[in-house]
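Protein chains in written order, with the numbering used here: chain A, 1 to 360; chain B, 1001 to 1135.
The set of hints was computed from the structure by calculation and includes no laboratory data. Every residue, glycine too, gets a C-beta built ideally from N, C-alpha and C. Take these hints with a grain of salt, some might be off.
Coverage of chain A stretches by chain B, computed from C-beta distances (three or more under 8 Å per stretch; other residues unrestricted) [to be verified]:
hint: 1; region: 87-95
hint: 2; region: 123-131
hint: 3; region: 293-302
hint: 4; region: 326-338
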Amino acid sequence: MSYRIPMGPYHPALEEPYKLDMLCEGETVVDAKLHIGFNFRGIEHLTETRNYIQDIALVERVCGICSNIHTLTFCQAMEQLTGQTPPPRAQYIRVIVAELERLHSHTLWAGIAAKLMGFKTMFMTCFELREKVMDVLQAISGNRVNYSMNRIGGVNRDIEDPTALLPMIEELEKEMARKVIPIFTTSSTARSRCAGIGVLTRDKAVSCAVVGPTARASGLPQDLRREAPYAAYSELVFDVPVEQDGDVRARLMVRALEIMESCRLLRQALIHMPPGEFHTPEGKIEFITGTALSRVEAPRGEVMYSVSWKEHSRNPSRVHVRTPTFVNMPAVRWMVQGARLADTPLIQASIDPCYSCTDR
Amino acid sequence: MTSLDSIAVLLGVPGPWEQKGGAHWLDPAGRSVRDVAAAMNACGARFVTITAYQLSGDAGMRLEYHWDLNGQLLGFHFVIASLTIESIYDLCEAADWIEREVHEGFAIDFTGREYEPLLLRAGATPGVNLREEGK
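Isolated chain B (complex conformation):
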């Protein structure tokens, strides 16, 4: 069974894991979301979801990626000021719909993938649903 520490080693980040708010969190320390997704695939973790949080001012968004490893919920967060992040869809098929939903709800661009047709709001403009302008 893969231990949490071995995931940190696999990713090449110092850690440590922090248990907080119902999940185990690891600071990706500059590693990309694709590196994290590849490491999660390597240890057999199950993708759970992506949660997007809008930060105040022009700080951008915080994206929290979650995987399940034998009942343990793992979390990695990425702050994106430019509202752009690499897609993990080609590494993790299960991320398809949630990437599309976050794109539609918050106008975040997951680079390297197609979106059309819109999943939730066919014909509408992305990003006007859940994202607040001028927050």
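Bound-form chain A, shown alone:
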């Protein structure tokens, strides 16, 4: 006999609202429907009623975890409409903040995943590390969540002594390599809860057009930092971790390896940051009529902004935000099919969903 189990809109693990309606046969999920939009905020429309300075602050609030990525993508689009090119030092600072944000996001996710596995000691360890990442972000920007780093033509704050941050990055890397990664990759608790569950096959990943670690865990080697480099990524050396299994463990592995790659990128960017200005000269910014698109590899995958402006207008005429969770979420339907009901919270969490982004 089949029956329906509604999960949400208050998720048992992630404190954001969405609903998964599951059709079950016994303990096995046969099919599922996803419902979003419980906190839809109409941010795209709000941007059309505000000027560019207010809009940068507004899009920073699309997401609480990858707030910097949204301002970076938005500013990159607006730089095309204003003809501004950020100086090289600003491009390096953008990489540093973006990679710290990736570390912050991935350690937060690792903690939540550990909690869902019933591995609460690991949850505390991950959150302790996340605090350290946030300390570095606070040292750079003065803020722990909304860093207010990006502006049209560069960044708002310089990193005066980049090498002073190196010990903090090395300490983080050491703890990741010593504690988090070995436990996630070798412990029987992690393996038994993650291996072989929530599988998204490569073919299904292609047809759902998933992005970020969700795609890379299903064997798709896509990463905008390498395929369409922005900021200073073309000058830095890094690998794009790819796993083939498409299960929760593969998504865990990809993020764990990305943590190490982020540390590698941070070390290079801090050592090789060029001297000079960190933004274009102050002055009135003039927009041209047109539409500009910008894409950035956020911790959860590709973010795209489309910004339209009319000359002499104070406000954009249209801003469209395509977030990674909006693309990855529909794939959860295929991941939970055939799964045990008890595994579904972890499967849903394995795409690192952000409902704040989705309900932008």
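Put chain B on the given structure of chain A with help from the hints.
Frame of chain A; chain B shown alone:
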């Protein structure tokens, strides 16, 4: 690796591609959005999104469809005065949610598909959220 010119040949449109505003644009020259979607599938491009723009007066809407091909962002635009366009959902599963969102936000009808239940605003009327009346 598929080149941009071979896509134009595949679609049977003269081109050329125009690089503007962070994307490569090709005028579909009368080819339908389903023809474009089929060509994108054939060359292994990844669907990215649809962006809807409201045009002034009663000119309707402009829909911009985007695909990614090896890191290159491709764009095709369609102007629809009747607020109706064919759905590509059956050709491109990834277009499902964005078609539903554009339908709900701008009341554009993607023909040949079902919408219910509403994705973002259960129980509400489509098209009153992002579309301005009398613009």
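Closer than 8 Å, Cβ to Cβ, for at least three residues: run that test on the region 326-338 of chain A against chain B and report holds or violated. Held - the region 326-338 of chain A has 4 residues with a Cβ nearer than 8 Å to chain B, which meets the minimum of three.
Counting residues of the region 293-302 of chain A that have a beta-carbon nearer than 8 Å to any beta-carbon of chain B, does the count reach 3? holds (count 4)
Given coverage of the region 123-131 of chain A by chain B, checked by CB-CB distance under 8 Å (3 or more): Result for this restraint: violated, n = 0.
Are there three or more residues in the region 87-95 of chain A whose C-beta lies within less than 8 Å of some C-beta in chain B? violated (count 0)
Violation of the numbered hints given earlier is confined to hints 1 and 2; the remaining hints are satisfied by the structure.
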